[in-house]
Amino acid sequence: MSIRDQSYKNYEGTLGAGSPLWWVVATHSLRLHWHFVRSKLLLFPIYFVFILFILATFGERMLAKTFGGGLGADPEAISGFYEYALGYLQVWVVALYFASSGGGVVAEDLRYRTIQLYFSKPLGKADYIIGKFASLFMLGSIVTLIPTLLVVLVRMLVFVPSPSFSDVALKLAAVVGYDIVMLAVMCLMMMALSSLTPRTGYVVLAWAGLMLIPSVVSTVVGLVRTGEEWPGLLSVAGSLGLGLKTLVGYEGFAQPGQLAAEALPEYMTWAPWCVVLALAAGAVGILYWRTSKLEGIA
Amino acid sequence: MTVLFELHNVRKSYGDFVAIKGLTVKVEAGTIGLLGPNGAGKSTLIKTLLGLLEFNEGQATVLGHRLPEGGEVIRRQIGYMPENDCYIPRMTAVHYCTYAGQLCGMTAGDAFQRAHEMLHYVGLGEARYRQMGTFSTGMKQRVKLAQALVHGPKLVFLDEPTNGLDPQGRDQMLSLINDVSAQGVSVMLSTHILHDVEQTCDRALLLNRGQVIHYGTLEAMKDDRRNNYEVRVKERPEALVAALRDRKVQIDEDRGGTLVVTLPEGGEPGLIFEAAASASVQVRHMVPYNLTLETAFLNILKEAQEAEAASKASSAPSVRA
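Heads up: the sequence lines are chains A and B, in that order.
When you line the first sequence up against our numbering, it's residues 1 to 298, in that order.
When you line the second sequence up against our numbering, it's residues 299 to 619, in that order.
Everything labelled a hint here was simulated from the structure, so no lab data went into it.
All C-beta atoms in this analysis are idealised placements derived from N, C-alpha and C, irrespective of residue type, glycine included.
Any given hint could turn out to be false.
Simulated DEER-style distance windows between Cβ atoms [said to hold, decoys possible]:
hint, chain 1, residue 1, chain 2, residue 2, range
1, B, 464, A, 294, 32 to 42 Å
2, A, 113, B, 493, 19 to 29 Å
3, A, 100, B, 407, 29 to 39 Å
4, B, 500, A, 180, 57 to 67 Å
5, B, 424, A, 44, 29 to 39 Å
6, A, 48, B, 476, 57 to 67 Å
7, A, 99, B, 500, 49 to 59 Å
8, B, 493, A, 7, 20 to 30 Å
9, B, 500, A, 100, 49 to 59 Å
10, A, 113, B, 544, 50 to 60 Å
Capping the alpha-carbon separation at 27 Å, the derived lysine-lysine pairs in DSS-like fashion look like this [what the hints assert, rightly or not]:
hint, chain 1, residue 1, chain 2, residue 2
11, B, 532, B, 324
12, A, 125, A, 293
13, A, 9, B, 610
14, A, 293, B, 319
15, B, 319, A, 9
16, B, 532, B, 546
17, B, 319, B, 610
18, B, 600, B, 546
19, B, 324, B, 600
20, A, 125, B, 452
21, B, 520, B, 546
22, B, 610, B, 546
Work the whole structure out from these sequences, hints included.
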């Protein structure tokens, strides 16, 4: 019984002329993440927060002009606290967004066995992993890098006539650089968790546990050890936050009457980056272990 | 005739379990049925030919490219339709096929256009923008075929393509396979349904415990047993069985009083009448046994298993008193 009105025709085009395979994986995976309604709905509250940051820039500038302020001799100098807040907020934005839409990045391929189909094509493991990483990175960029760049643009324009413009520009560049590193580490961590189970629900639970439990612990320890910052190193968000401080400077965190130099933390300033690096290395290790276990895949 | 693949003493094991035991075969272009019981090594063979599994020993060439070096080039020229469901339910059919095409190296535009063509071809034109989670089993099977064909492969591996289909769906799928094959695409059909093989294939490759037990045309498979006769007697078939066994004649089956008699090489049908006369039984029915593919398959399998058991018995160390 025929269900067709014409015979099969072979494809006459050239194979191998298309985009690099990692890019193919990235774009199609992004499309799947973006397919969720929640991916789009979450943009409203997230972008609202960034709009508040833009408004805060104008507010800060208005207050500085009206009442004077800032640090030292320059009444318009900036403390770096704004940039810290902008960067630190994004750890939680990414955590929330990935929990909502990114948990299935590898888990869904395992659950629905699409992984065996993909690897029956001329796709290598490296292309697959880089593609999946890129898809998460692009997804995360929608809620971090893109709005951050908007905030940066507005803040730079606002500070153009100010003598502290170069300082603002440097600090904002640090935030953008931090965003890229933070996003890359978070992507690796989410991919590692997602590769461990075919159940997206478990991935989200593990992700929430990884982000929240150490943060609670570090907050409790921080409350006990008043005035010490090292407990932040116990959590992902805390380590990233402390790492961000090394980039934007410690001036904004000095107590009233305390000099900037006295605001330096009690731990080695490179320690947060060591924790971040260890997290990234652990995630890469898990991914390597999981992919090497995939039998029958190129 | 173009050689699809050539294996020489290929061996693949998973730990202690040997899935493929020194496979040597040369398969030419056409439509080939890949048959064998569960655990025979069919899936391992397909994965090996796709370059997804590295074999432990031997040499293999697929579509003129050596494995494992040529794995990616080979996979670009092969289409694979897996047995089980492998789609993300929220994907649309056209997204699925476009993705498959792009993974084979097609440009996004070409893949998108070709995905539409293939979905029309398999009869899913109307459903191409529907999410695949809403598809029936038949539609899922057809969309899997569409993604296997989207990049215009020279060879397609179809793993149980009619699984779960109703008779109408099965006919439609077999019709598609026949049409694809008629357009010069080689097809390797792995299935347990021998009727499907008879409908579509010109040759069959039989595997058992990781070894080739038969490779050839379907006719040759049946011809192996041409000296068989189906015999029915009025009464006392056991007397005829005993008389035939005295004459070194093999009785293969006794199904509800019908005997399937295999004459020795050079044996004439008169031998059966002679045995019947000596046993004083009346032959009511005797015709050359019309071997179905299923029976031929089972016979070949049985012979292979018996030969393996005999070889094991002869190689076992003898017990000394």
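Now for the hints, and whether the structure bears them out:
1. Judged by the Cβ atoms, the range 32 to 42 Å given for residue 464 of chain B and residue 294 of chain A holds: they are separated by roughly 35 Å.
2. For the hinted restraint 19 to 29 Å between residue 113 of chain A and residue 493 of chain B, the CB-CB distance of approximately 27 Å keeps it satisfied.
3. For residue 100 of chain A and residue 407 of chain B, the hinted distance range of 29 to 39 Å is satisfied, since their beta carbons lie about 32 Å from each other.
4. Here the CB-CB span from residue 500 of chain B to residue 180 of chain A is close to 58 Å, well matched to the stated 57 to 67 Å.
5. Roughly 36 Å separates the CB atoms of residue 424 of chain B and residue 44 of chain A, a value that falls within the hinted 29 to 39 Å.
6. Roughly 60 Å separates the CB atoms of residue 48 of chain A and residue 476 of chain B, a value that falls within the hinted 57 to 67 Å.
7. About 55 Å separates the C-beta atoms of residue 99 of chain A and residue 500 of chain B, a value consistent with the hinted range of 49 to 59 Å.
8. The beta-carbon spacing between residue 493 of chain B and residue 7 of chain A, approximately 24 Å, falls within the hinted interval of 20 to 30 Å.
9. For residue 500 of chain B and residue 100 of chain A, the hinted distance range of 49 to 59 Å is satisfied, since their beta carbons lie about 53 Å from each other.
10. Against the hinted window of 50 to 60 Å, the Cβ-Cβ separation of residue 113 of chain A and residue 544 of chain B comes to about 58 Å, which satisfies the hint.
11. With a CA separation close to 49 Å, the supplied pair residue 532 of chain B and residue 324 of chain B exceeds the 27 Å bound.
12. Taking the CA atoms of residue 125 of chain A and residue 293 of chain A, the gap is near 12 Å; set against the 27 Å cutoff, the hint holds.
13. The suggested pairing of residue 9 of chain A with residue 610 of chain B is violated, with an alpha-carbon distance near 51 Å, which exceeds 27 Å.
14. Restraint check for residue 293 of chain A and residue 319 of chain B: the C-alpha separation of about 23 Å stays at or below 27 Å, so the hint holds.
15. At roughly 38 Å between alpha-carbon atoms, residue 319 of chain B and residue 9 of chain A are farther apart than 27 Å, so this suggested pair is violated.
16. Between the alpha carbons of residue 532 of chain B and residue 546 of chain B the distance comes to roughly 23 Å, so the proposed pair stays at or under 27 Å and holds.
17. Taking the CA atoms of residue 319 of chain B and residue 610 of chain B, the gap is near 15 Å; set against the 27 Å cutoff, the hint holds.
18. For the given pair, residue 600 of chain B sits about 19 Å from residue 546 of chain B by alpha-carbon distance, which is consistent with the 27 Å threshold.
19. Proposed proximity of residue 324 of chain B and residue 600 of chain B is supported: the alpha carbons are some 24 Å apart, at most 27 Å.
20. Restraint check: the Cα-Cα separation between residue 125 of chain A and residue 452 of chain B comes to about 24 Å, which is no more than 27 Å; the hinted pair holds.
21. As the CA atoms of residue 520 of chain B and residue 546 of chain B are separated by approximately 23 Å, the hinted pair is consistent with the 27 Å bound.
22. A distance of roughly 25 Å separates the Cα atoms of residue 610 of chain B and residue 546 of chain B; the hinted pair therefore holds under the 27 Å criterion.
Violation of the numbered hints given earlier is confined to hints 11, 13 and 15; the remaining hints are satisfied by the structure.
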